[in-house]
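A.B. asks: Now for the letters of each chain:
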Amino acid sequence: MRPFAFERATDAQAAVALVADRPGAAFLAGGTNLVDHMKLGITAPELLVDVTRLPLDTVQEHDGGVRIGAGVRNSDLSAHPLIRERYPVLSQALVAGASGQLRNLATTAGNLLQRTRCVYFQDRTTPCNKREPGSGCSAIGGHSRDLAVLGVSEHCIATHPSDMAVAMAALDAVVQTQGPDGPRSIPIGELHRLPGDTPEHDTTLAHGELITAVDLPAVAGASAYRKVRDRSSYAFALVSVAAVLDVTAGTIADVRIALGGVAHKPWRAATAEARLRGGPATEEAFVAAAGAELQAATPTVDNAFKVPLARNTIVAVLRDLCTREH
Amino acid sequence: MQTTITLTVDGQRRTATVDTRVTLLDLLREHLGVVAPKKGCDHGQCGSCTVLLDGRRVTTCLAFAVQHDGAEITTAAGLGTADEPHPMQRAFLDHDGFQCGYCTPGQICSAVGMLAELEAGWPSHVTRDVVSRPQRTPAEIRERMSGNLCRCGAYVNIVAAIEQAAGG
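Chains as they are written, first to last, in our numbering: chain X, 1 to 326; chain U, 1 to 168.
Just so you know, the hints here were simulated from the structure itself, not pulled from any lab data.
Even for Gly, the Cβ is constructed at its ideal location relative to N, Cα and C.
Chain X stretches covered by chain U per the calculated footprint, using a threshold of three residues with CB under 8 Å from any CB of chain U:
#, region
1, 28-37
2, 47-58
3, 67-79
4, 82-91
5, 96-110
The whole structure should be built from the sequences, with the hints applied where relevant.
C.D. replies: Here's what the structure looks like:
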């Protein structure tokens, strides 16, 4: 591992200044992903700026919704009464991720900014456009069973590994940041990006831009998260679905669906939502909407199973929410 | 870059000057001679390096020591002694909750931290709904201990040991 300097930030502004001025600097929060990447030689920062002692560790009511500090640990967030009562989908997504030990370290912002678990990205001996732009994608034509089926490019088929972010996508969360040019609010759908021809960029954040909070607006209806994986615990999603459903007299007043494990970002199922909104809350409608969403899928031979799996999981989650609504 | 770190480890104040690249696990084992936490995968996947950090269970292999200057750490060796074992250690002995023993210090620290989380009412993936208070069932224990791998496969006895330590 390359030697690095260490600074402990005392306020967000100072943290941003420390990182923004040095291309080789990085923020350090829980460390569960970054420290691993430094061990693997995927990244080699020359300066780490510890942001875990900044006063960003509270969950509070805010503007009719809830504001989550960037430094709140995943375990604390999943167990927080405001989250469990108002946003059960988020609590469920958090406890579906990682292990108890890792959730005690991992933070809200760190979870959003964790990087893909594509095996080629993590293996320095293989080409990877995300790790080394222009070197090629080993996953296309390689081991792609776990990888993306929606929004892929010819340069990258990596998936975003977070569960938490999928729930936040369904909740229309807004990410608050502090950057060298001041604060900014980013709808979560615009935080992560599709790979296109620059898969080295996971997000739209500038270097030195620090996530300070995530805001959740108030939400009506029932919500749930379902994760499908190879083991029943402690494994990344093959497919996951976060959904919010509000049904009035058999008609869908509002529906939000986000998919995990299928794309380079939490995938908001806008096509399915548009087909469902204002229509009947029936099994037939759910099947048709899920099918329409997945029309755009471009799987590999190895991960083609994810297309029916995603469709069926969407239908199952909506059906369960419907039962609960009545 | 060298840095001086002071920690309370198993009730004793310890100081060491180490490179910033040293993980909490390597600080404990290689610099302070505290070898209860074990290095299994060194990538946060096996749980054998689990300790209680300021009272919470964490893996120590994915944490740089410098970030945790001033912390209070309890390892399995600090929970009890051979003469006076912690109730969790006693329960692992009573139920043969191990075979080779390599994962055991991590299992024990994780189990102690896990029961505190359950006591505090934290939900898990198998909690029927996240709003209500979780019950201490074998399914809850298994799910909450999924971050600790045992290559010998002593899981059945580990669950029994944890149930005993938790009060039957």
